[in-house]
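Novice: In this note's numbering, the protein residues as written are 1 to 332.
Take these hints with a grain of salt, some might be off.
Cross-link-like lysine-lysine pairs, in silico, DSS-like; alpha carbons within 30 Å at most [as the list claims (entries may be wrong)]: (1) K297 - K34; (2) K193 - K225; (3) K224 - K34; (4) K238 - K152; (5) K42 - K328; (6) K152 - K137; (7) K274 - K224; (8) K255 - K91; (9) K72 - K34; (10) K178 - K328; (11) K255 - K53; (12) K297 - K224; (13) K225 - K137; (14) K91 - K328; (15) K24 - K72; (16) K197 - K229; (17) K258 - K137; (18) K197 - K42; (19) K197 - K137; (20) K46 - K258; (21) K328 - K193.
Please keep in mind that the hints were generated in silico from the structure rather than gathered at the bench. Quick caveat: nothing in here was measured; it's all calculated off a predicted structure.
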Amino acid sequence: MLRYSAGVLGLLLSATIFGTTDAKELVMYSGRSKSLVEPIIKQFEKENGTEVKVRYGDTAQLAVAILEEGAKSPSDLFWAQDAGALGALSKQNIFSRLPDRILSESPERFRNVDGTWVATSGRARVLAYSPERVNPKALPDSIFDLTHPMWKGRIGWAPQNASFQAFVTAMRVLEGEKKTESWLRAMRENKTKNYAKNTPIIQALAAGEIDLGLPNHYYLLRFKKGNAKFPVDQTFFKAGDAGNLVNVAGIALLKSSKRSEEALAFIEFLISIKAQQFFTSEVFEYPVTDKVIPNAKLLSLDDLLNQIPALNLEDLDDLDGTLKLLRKVGLL
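Model the full assembly from the supplied sequences, consistent with the hints where possible.
Specialist: So, in structure tokens, the structure goes:
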């Protein structure tokens, strides 16, 4: 069950915000940022003649809103930034099971067992590094090797960032609470430098402030789009390592929706070749199908699946436990 502070209740959404809707309209709560996804939403509207009214916000806060609103929620769809929020709501029996025609389009790793949500794109945790100051042959095989004294004061991370927190949640699930706490403490003792989010990590690598960093994969690719010689590279740890978490953005249909036909059409559009090509070519995220033209800067879907740890992404729903741990070790 999701557990967040009462302060988010001020963001709860009322049906009156959106007014009445008809058969050619949809309401969606989106934890995905407007700048990234608005173009593909507009494309759907153009092709299907259905207006999509979107409430953008923090994924966790929107999930709380849906729980509080219950059957009275004006939203038909929930497009979440991470699988943990989808898992939390799925456990509360909020979503409808999706048709097999939709589920069959996604690899099993990128949809839940109950069939109530599917991934729309993926983003990988990677090890970014300065090729000018670090020999690629000297890079650690495991994220747990980053605590070695040779990396003291040379690594950057972003403990306040949601993606990093999802990664810590994954480590807790994969490796246990004690080992995760020990790693966090060892990293802190090794003088790992804190940054507010992923972009400053990439910038710090280029500026020589640090030699290694732990961001999501697409931040560097956006820098390299503007400057192919940008002085940072990135890689994965050994196959199956906890540091190779691939989290997903995913979408689900609310049981309370009165416009399920239109909502399912939108979901099908998001996992279509056209939308998946947009996500991989323009947003630099991993597609959830191998039917698109590959982005040469990304691994193939098969290769990506071979790198990631065995993990049920719905188990990433205990953000509260992760936040408590990060406070306990002094990182928040």
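Novice: Hint check: K255 vs K91, CA-CA at most 30 Å. Holds or violated?
Specialist: 13 Å, holds
Novice: Has the given pair, K72 with K34, been kept, meaning a C-alpha gap of at most 30 Å?
Specialist: This hinted pair holds, its Cα atoms lying about 25 Å apart.
Novice: Can you confirm whether the C-alpha distance between K197 and K229 stays at or below 30 Å?
Specialist: 23 Å, holds
Novice: For K152 and K137, compute the direct alpha-carbon distance and say whether it is at most 30 Å.
Specialist: 18 Å, holds
Novice: CA of K197 to CA of K137, is that 30 Å or under?
Specialist: 27 Å, holds
Novice: K297 and K34 were given as a pair; does the straight-line alpha-carbon distance stay at or below 30 Å?
Specialist: With a Cα-Cα distance of about 24 Å, the restraint between K297 and K34 holds, given a limit of 30 Å.
Novice: Given the proposed pairing of K297 with K224, does the C-alpha separation stay at or below 30 Å?
Specialist: 10 Å, holds
Novice: Keeping to a limit of 30 Å between CA atoms, is the pair of K258 and K137 held or broken?
Specialist: 56 Å, violated
Novice: K328 and K193: Cα distance at most 30 Å?
Specialist: Holds, at roughly 18 Å.
Novice: CA of K255 to CA of K53, is that 30 Å or under?
Specialist: This hinted pair holds, its Cα atoms lying about 18 Å apart.
Novice: Tell me if the straight-line CA distance from K42 to K328 falls inside 30 Å.
Specialist: 44 Å, violated
Novice: Does K152 sit within 30 Å of K238, going by the straight-line distance between their CA atoms?
Specialist: 21 Å, holds
The structure does not agree with the numbered hints 5, 17 stated previously, though it agrees with the rest.
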